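Hints given; two lone chains; assemble the complex.
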Amino acid sequence: MKTIDNFSRRTFLRQSFGAGAFVLGARFLPTAAMATLESAVFSPNVFVGIKSDGTVLIVASRSEMGTSSRTVVPLILADELEADWKRVKIEQAIGDAKYGSQDTDGSHSVRDFFPVMQECGASARTMLEQAAAKQWNVPASECKASFHQVIHTPSGKKLGYGELAAAAAKLPVPDKKQLVFKKKSEYRYIGKDFPIYDLADITHGKAIFGMDAKVDGMVYASVEHSPVLGGKIKSVDNKDALQVRGVSQTVVIPDFTPPHAFQALGGVAVIADNTWAAFQGRKKLKVSWDPGANASYTSSEYKKELQATARKPGKVVRNFGDVDKGFAGAAKTLEADYYVPLLAHAQMEPVAAVADFRDGKCTLWAPVQNPQAVQDTVAAATGIDKKDVICNVTLLGGGFGRKSKPDFCAEAAILSKQLGKPVKVVWSREDDTRFDYYHSVDAMYLKAGLDKGGKPVAWLQRSVFPSIDSTFAPNVKYAGTGELGMGLIDTPYDIANLRAENGEAVNHVRIGWMRSVANIYHAFAICSFADECAHAAGRDPKDYLLDLIGPPRIVDLKAQGTEYANMGPIETYPIDAGRLRKVIELAAEKAEWGKRKLPKGHALGIAAHRSFLSYIATVVEVAVGPDGKISIPRVDTAVDAGMIVNPDRVKSQFEGAAVFGASLALMGEITATNGKIDQGNFHNYPVARINEAPLVTHVHIVDSDAPPAGVGEPGVPPFAPALCNAIFAATGKRIRELPIGKQKLV
Amino acid sequence: MITLKINGAAHQFDGDPDMPLLWYLRDVAGLTGSKFGCGMGLCGACTVHQDGVAIRSCVTPVRSAAGKEITTIEGLGDHPLHQAWAAENVAQCGYCQVGQIMQAASLLKTKPKPTDKDIDDAMAGNICRCGTYQRIRAAIKSAAKEHA
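Chains as they are written, first to last, in our numbering: chain A, -14 to 731; chain B, 4 to 151.
None of these hints come from the bench; they were simulated from the model. Everything numeric in this text was worked out from a predicted model, so none of it was measured. One or more hints might be untrue.
[Claimed, not checked] With a cut-off of at most 35 Å between alpha-carbon atoms, the simulated DSBU-like pairs for lysine-lysine come out as follows:
1. A:Lys614 with B:Lys114
2. A:Lys191 with B:Lys120
3. A:Lys729 with B:Lys120
4. A:Lys614 with B:Lys8
5. A:Lys177 with A:Lys142
[Stated by the list, open to error] From the derived model, a few chain A residues whose C-beta atoms are all more than 10 Å from chain B:
6. Lys169
7. Gly231
8. Ala313
9. Gly438
For every residue, glycine included, the Cβ atom is placed at its ideal position computed from N, Cα and C.
Okay, chain B solo, but in the shape it has when bound (with noise of 0.2 Å):
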């Protein structure tokens, strides 16, 4: 039995150790908010924070979240970063979204005002097929400046 803390709630599990984080959280407890876009941690779409820090929840087995904190999009509540995607308009078709916020909120926390490289760096690893990608730089900057 594994127990999980997802979004400050505890989550008991009897299933195979070895499942990904993701499919937990979609499969079983129902938190279909991380999405499933590589199974490889290539495209960030599954992003979610462990003890506060970004992690591809597709190549995370839930032992290994045992015991940590697991916030995902639904736990995160309203975050400076949700208005500025809305002021940007950054979203398209929106299925990576959620994995982008995880991982500036992330980037965020560890850099409050970040540069255009540090935004490189942060969020190289989450793909946006639709391509707004300046979108995302700019709301992450205004959220940046709203945080300061």
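For reference, chain A alone in the conformation it holds in the complex (with noise of 0.2 Å):
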């Protein structure tokens, strides 16, 4: 067979920079990495260098699925470098504390490294104008960097970044108070659209994902999984398995202690010299599995528990003025409970790795959102020291969160440490289904007490969902105070009492973050409640959603007694009221809100949320045909992200947003039967298809210079809200349980 090896185990090892290179460190990364780095203080956190041919070398230390991190983060660096974009080459980092926190989740790439990166490419920019003034004998002062060179303003003279490098290597690291920055009127390429880095390697099948990755003497193995989660094996017949063509052994991957975390689940891997034939020896082999205690679990019996545990008293998680008062007092009580099942991240690429582990050292090429928890996974996998796992990053088909879990990694090293070669692990998309780290399925049930006027005097929001937190610890029973971050206790209504609980569930798979988390269905449940109420007061909805937030101002929540985790530091990202209005004022004006003539069966809903510290707002309109067949035509989405980098970005992430949450809301649903899921590929877990997603989404960005935000997943949470709004609107039908593909609408 013909050797292919797309990844030179010499290139991906060496330093991102030759010798010569003028290399620089910084020295301020965000506060959750500060720790590390202080016990590391010889350890440069290095992220810009230049060649002396002017070749400007950045380091794309978060991971690219999507988003376009590998290309924006960079580019803040080359613009406050002066660098010209047409001679930067990205490495991308490998897993290493030494870059800060490499977790690309959280939507926090941007709004974490946009300082980091400003400050490594200002000190880059001062050292080589100082080197210049040196060279030429003048001032500094009289040295000005600009696209590329370093230009002496009184005489015109010119000395490229390139013929620079070396003097500048020798210069000390200016202080940061020395810097000067660039003004936002300076700015060559932040607020400008650009086009991601490998755009053309993507469109001509270059690119390399983590699908791709193959070094010499790799073989590969598919893994058999117990069913149900915990299951243990009882036999395992490979007869049958070792007579397929291309097979060569099979590996008895150990069961995970709980609880799971980012283990290998375990089971039994087949090793064959390609795919496919991993593929049919699994489908011929015989594993004999002890379901063990999950297998007592069955979505549609879960769904009634946690139904009925959204109806009872739970702990109570925010609680302001009196809210059984009010609604002793209200002229008017509605109550309504919501549900949103399951779901998997379906990205388009399965997870895969492949491992090498020798001489005590495990090398991984892998398609993951955070190499360094590939490092700590795979060093407590196969007893080495995190220092020895060198986690190479590739692009990844796709994350929204699933690949922050590096479960597949730790097959690869386990398998490879045992073969003693190197090992790719590919899971099918039926094990990309089965055993994925699922969003959680959540019952919700609203209260509100409106006064005369139709306004709320009292609310009550109650949301009962297995937590996050039972992926790594024990015997969890209550919400994360992330999870209730994400629209339970942060919810921005102007409401007299108002009270927020969490209920008791048991979590029976594994639960994961998956783009915008516990949003989705707080969002869904409480933006849809706001419009029952907007109906049941007679109101137009976008009129009483502006109410309901009430006057621009400061959701103080901490002075409310409210303990709540912002994704970001509260005085920099307050809860911004006004914001939120503008954003809904917004969406409205431009898709003509009340205004706009819609033909027969279509309608408009609006929802408004805020999370990752961005706030959205946004407009569907909805088409439903006579026979109940639902379209969306057009969707408009305000959003308010803060300072934005790449526009056309920003825009490319909120019209993706506005499909996955027609994904999510049209037809999305993982159930399970005696503890195994039933779904298994994209016949049984479709995800919108471009004659089911919204014709067209406008997206329209707020121009701010508030700092910057989130802006890969809060445009997800809003969508279904809106959508099941529109729907109310054009039917009179109200959705209360998602997806809306398993009820009728006529």
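In structure tokens, the structure reads:
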């Protein structure tokens, strides 16, 4: 067989910067990473280098899964450096704490790394100016860096960055206080549309994803897992599997020790000389399982339990005023139950990883959102030190949170250690669907007391769902603070009496974060219920929503006695009702709310939600045919995500969020019978196709100088309620349970 | 022994004739541009051309591809769709895009001026989980315009 080696080990393991390059370390990193860095005094945090030929190397420390962080974060540095983007080469970082957090999750990349990239760029630029000044023997104040060269302003003399690199490398890194940052008006790239760095490689099939990684001497593995979480192997019959052409052996991967966290699930791996042979061997493998306690889990029964819990008093997680008194004095009360099922990530690239364990070290090539978690996980799985785990990050064929859990990397590492050769683990679509870290199922109960004018005087929202914390700790029954802060306790409604509660739930499958996480079910229920109240009050839903949010103000949860995990410092990123109002007004204006003449069966719905520190309002136009068939001709989304680096890529994220939202609203549902997941591939876990997705999504960005906030996730939460509110407006049918497709509209 | 003609070159294969073409391309021939997404012909990430027509290589056994002209993204050359895809900045994660482009290239061959309905019909078998559909639609239309 022809040897293909698209990953030369030498290329990947070498230092990003060759000898003689001017390398600059950042000293400033997000606070979360500070402890690690302080202990590693001589570990420079390398983000930028300049070669003598003038090539500027910028390290992308964040993973690329479609949000453009591999382009946009380096772009910030290039702008501040006054570098010519055409002469910038991006190097993908391996997993290493010296880069700070590499956990590409929580819509963090731009907002956390904007100041880091600016400082790195400004430091390098300043040193290049100083190097030129020294060479010309002129004051540095007369030297100005501009588009890849330093110019002596009085004389017009010029030196290129490449010519200055060696001299700049000899200078001390300036103190941060001495740095002069570019003004917004001087930005060359920030605020302008920019194509992604890998675009041509992607469209020509040259881009390397995890699924494409290949190293010399590699074998392929497909792993049979217990169909029920926590099941144990009773017996294995591999006789027929070994008869499959190309299959060499089978290997048992040990069971995980609860809590499962990112550990390999355990099971039986079929080893072969190509992926398909490994898959075929899997089909012939006979494994008998002791399914264990989770075999009692059937999602239809579990749903009833959650819904019953949601109807009972829960743990109070926010309490303002006196809700019960408010209900007693209300002119009218409304109550409703909402439900969102388990959801799978269904990223296009099923998880896959290559591991090469040799000489007490393990090198991996994998599509991962968090290569440092790979280091920890593989170190624990193979009994080596974290520093001996080298995780190369490929492009990710979608992530949405799935690929921040590196269980599949642990599998590859365990197998490579045992077999003494590089192993590529490939999950089939069925594996990926059945052994996901699911987006949690949730049952919610809401109650509102309205005054004579229809305005709520009391509001109760109770959410019951198995927590992500159960993935990492035993006996978890209540939500973590992160999940509570995603839409349950931070509702910025101007209501005198407001209580939020969380009910008990025990998990039976792996639960994990998925694009916008708990905001999905909280926003669905709360934004839908707000619309119910508007109709009960006989008011326009948009006007009612603005009244519900109340006057522009900072909503201070702490002052209300509520402990709240904001996704950034609350002083920098307060809950600003004014900004939420503004996106509602903008979305409504652009969608011509109340003004646009709509064809029969069409209607608009609106929802607004703050998440990941961004303010989003979405207006969905739905068309419901006489047969009840739904289509979505148009979406208008208004976005206030603070300062924007790359408007086109921001728009693309919100276009994509509308499609992601449409998928989960219209058709997304994972169910289980006796502990086994019922779905396996796109025929029974469908996602929106081109003829089902919104035809067009218009994204309207608020021009803002506020600190950058999240972009990848916050478009998702308001979509489903806006769609369901539109369906109500079109048909009078209130959708309180997803997916919509399960229900009859006519 | 099976002889496959891929991107104009002959390949001899003496492995399992039931192996789907996708896995031959990816694991044996080293042509990783065509992607694995579902293995059931449901997502279109594996789309290649057989005698100029889009097929799902994940459900096409190599035996049935024998003697046919197989074109993968690596053999498509510079196509007007590449420029259109760049102009519209279609790709997000990019994993499905090769399949989308191969499918769209096949569409434009039979329908140089596709309507929205033509695009829906031809492209509905290609999933993009990132949700780039509106740009895919725009890129196909702009490539069609350039082509005319």
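Evaluated hints:
Under the criterion of a C-alpha separation no larger than 35 Å, the hint pairing lysine 614 of chain A with lysine 114 of chain B is consistent with the structure, at around 28 Å. The straight-line distance between the Cα atoms of lysine 191 of chain A and lysine 120 of chain B is roughly 31 Å, inside the 35 Å bound, and the hint therefore holds. Simply put, lysine 729 of chain A and lysine 120 of chain B have alpha-carbon atoms about 26 Å apart, close enough for the 35 Å limit, and the pair holds. The suggested pairing of lysine 614 of chain A with lysine 8 of chain B is violated, with an alpha-carbon distance near 44 Å, which exceeds 35 Å.
Of the pairs offered as hints, the one joining lysine 177 of chain A and lysine 142 of chain A holds, with about 30 Å between alpha carbons and a cut-off of 35 Å not exceeded. Annotated as non-interface, lysine 169 of chain A keeps its C-beta farther than 10 Å from every C-beta of chain B; the closest such distance is 24 Å. At roughly 7 Å from the closest C-beta of chain B, the C-beta of glycine 231 of chain A falls inside 10 Å, breaking its exclusion from the interface. No beta-carbon of chain B comes within 10 Å of the beta-carbon of alanine 313 of chain A; the shortest separation is about 46 Å.
Non-interface call for glycine 438 of chain A relative to chain B: holds, since the shortest CB-CB distance, roughly 40 Å, exceeds 10 Å.
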